[in-house]
Each structure stands twice: as C-alpha cells, then as structure tokens.
Amino acid sequence: MTSLRKLASHLGLSITTVSRALDGYADVAVATRERVEQAAKAMGYRPNPAARRLRRGVGETVAFVLPTDPGHFHEPVFSELLVTVGEELARHEHDLMLLAARPGKDEMAVYHRLVEGRRADAFIIVRTRHQDERIAYLMAKGVPFVCHGRTDTAEPYAFIDGDGEEGFHSLTQRLVARGHRRIAFLSAPTHLTFAGLRLAGWRRAMQAADLAADIVEEAEPTEEGGFALAHRVLDSHARPTALICATDRMAIGAIRAAADRGLTVGSDIAITGHDNIPAASYCQPSLTTMELPTRLIGARLADMVLARLGGADLRDLTEIHGLVQMPRGSSGETNLEGVVRTADAQEAVFEVTEGRKT
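In terms of UniProt numbering, the sequence shown is numbered consecutively and its last residue is 358.
Please keep in mind that the hints were generated in silico from the structure rather than gathered at the bench.
Here are the simulated DSBU-like cross-link-like pairs (lysine-lysine), alpha carbons at most 35 Å apart as the crow flies:
| hint | residue 1 | residue 2 |
| --- | --- | --- |
| 1 | 105 | 41 |
| 2 | 6 | 41 |
| 3 | 141 | 105 |
| 4 | 41 | 141 |
| 5 | 6 | 141 |
Label-pair restraints from in silico Cβ distances:
| hint | residue 1 | residue 2 | range |
| --- | --- | --- | --- |
| 6 | 211 | 284 | 23 to 31 Å |
| 7 | 16 | 71 | 42 to 50 Å |
| 8 | 113 | 268 | 47 to 55 Å |
Every residue, glycine too, gets a C-beta built ideally from N, C-alpha and C.
Using the sequences provided together with the hints, build the complete structure.
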C-alpha cells in the first residue's frame, strides 16, 4: 500500500503539503490539491482515518458490533451498557459506532469492512466465545479491542467480566439450602464462554451437595429459548423443583411455561436468571437474578478502550468482578432483604494475566 511519504516523494511535495491537500485545507492551492488527489487515486493511496482525525483534532471511533440479526438493537442486557460507554467516550470526544450482524460469516464481513476500510479505531467485543474468530482477527491486524467476557486464547488481551461461575455456584447453594434436590440448568449455547462458566458453577454446587447434575438443556438465550426448554424439562417424569436459567430472558420464558403447566412460581417451582434486565422487576412474581453492575462495567469498558488507544499494557487491563445477587419472589426468597453480594460484588476485582480458565 502506498504511504503518504511515497506519495509526497512521487509528487515532489512535502508530506505536510500533501497531507493538508488531502484533508481539504483552504491554504493549499486548488491546482495543487487536484494534482495530489489525482496522484493519490492513481497510486492507490488510502488515507488513514485515525491519523486524519488526530491531525484535525477529531476523536476516534469505537465500534460495538452486536452479534444478532441486522437492525435488532433491542437486547436489554446491553442497552444501559451502551448508554454508559457512549457517554464516557463522548466526554473524550470519541464516537461510538453501533452495528448488528449475524454471528458467523456476516459478522466477520462487518469486522473486515470496518478494519480494512479503516472506519473504526477500536472495538468492544461482547458475547465472547471459547474459540473467537473476531478476537483472532483483530489480534492479527493489531487493532485495539476490549472484551466484555473471556475467551480461550493464550495471548494476552484486555477484558472485563463477571465471576459467573462463582455467582451460579452461590445461587445453587442457596436453593439447595432451601430444600431443592432436583435443580435443572437451562443453558445458553455452551460455545459462548459465559454459558460454560455459569454451567460450571451450577454443576460444582450440585456435585458438592451429592446431587445429580444431569438435567441440562441448551438453547438461544431468549424468551423463546427458555420457554421451549422449560416445557421440555417440566414434561419429564421426575419434574425439577427449580430451574436455573443462564439469562433473565430465558427465565422470563420459563415463567410463562410454568404458568402453562398450572404451576405457581416461587412455591411449586423456583426460577432464576442473570442480568437484572428491567423486565425482571416486573415479572409476576419478580425474578430472582444477579448482575454485573451495568454502569460500573460500562464506565470501565470505556476507560479500557481509551487506555488501549493510548497504548496501555494489556496486562493492566484484565478484570473479573463479583456479581450482585438479587433474591426475589420467583425463588420463594421474598423474606430476604436487600441483595446478597458474591465475592463482595463490584469491590472484588481479580487480576488475571495468565492461565485463563473457562
């Protein structure tokens, strides 16, 4: 690829003159500007948007690509997160670009377009996978990124995550202490790292209590997914007394399925989720859940992206936060006041620089 220096040398002009001509400055003669633009086109020169923005005092652009159908930006778990990230980046005169793409080929096509077209200077990656093509690609290209979640790569990378394994272990222990012996786990697809971690926490608590950890079903982390899985396990000959769902959206679907069976949620069956989306408070009964405090995490994600753009050491940008447990009526825990904090909730931050496990 032709560099600015090569273009300037070819034209016999200074780099500054060529740069200002391409940036459209009025102090460059029209004839010179046209000559520079024609040569740039002929030589295949493509300006670096990040460098151009830096020269002109304009902030950089951070891309947030939701792994979902194009145009579907309604994922509630990310709504407040995006608001916080956007506000923090705006304070530093940086822009947040939001896109959506189906996981797989469509999604990677978006990443290729943004990177190769130099339309984004950094990325925030969500719904990380054990083997994540997005992360491998950005690493290979040397593009800054921060993950909301973890992956299996042995290479250092910047991430922030909740301690899902410990959160679901603590929740399961609570349900066991309340007398539940058949506890099913309704999982998101286990190629997603968060799903594997949450499943591991449930399984560890069940095994420690010497209980069977054999009722596991998997579907997309949506209301439809939770509804279908709950119907499936509630139709079994030995019906569970509790359903632990990987996400709140799955739990909301499971509540509807329990109602279809004539079961009273909170007494006949306990149902729990994760995320503390707004709808969790308005279910009937309200949903027992847990959360990684959204505004805290949004602010930290923005700080980490800014640090990566500034060249910060990756080893200083790895955090795992404890989860805030919220016992409510759907698990029959309305007698509990306030919240239960797992590993001191947001005060618990662990540096992870090697030996990442899922």
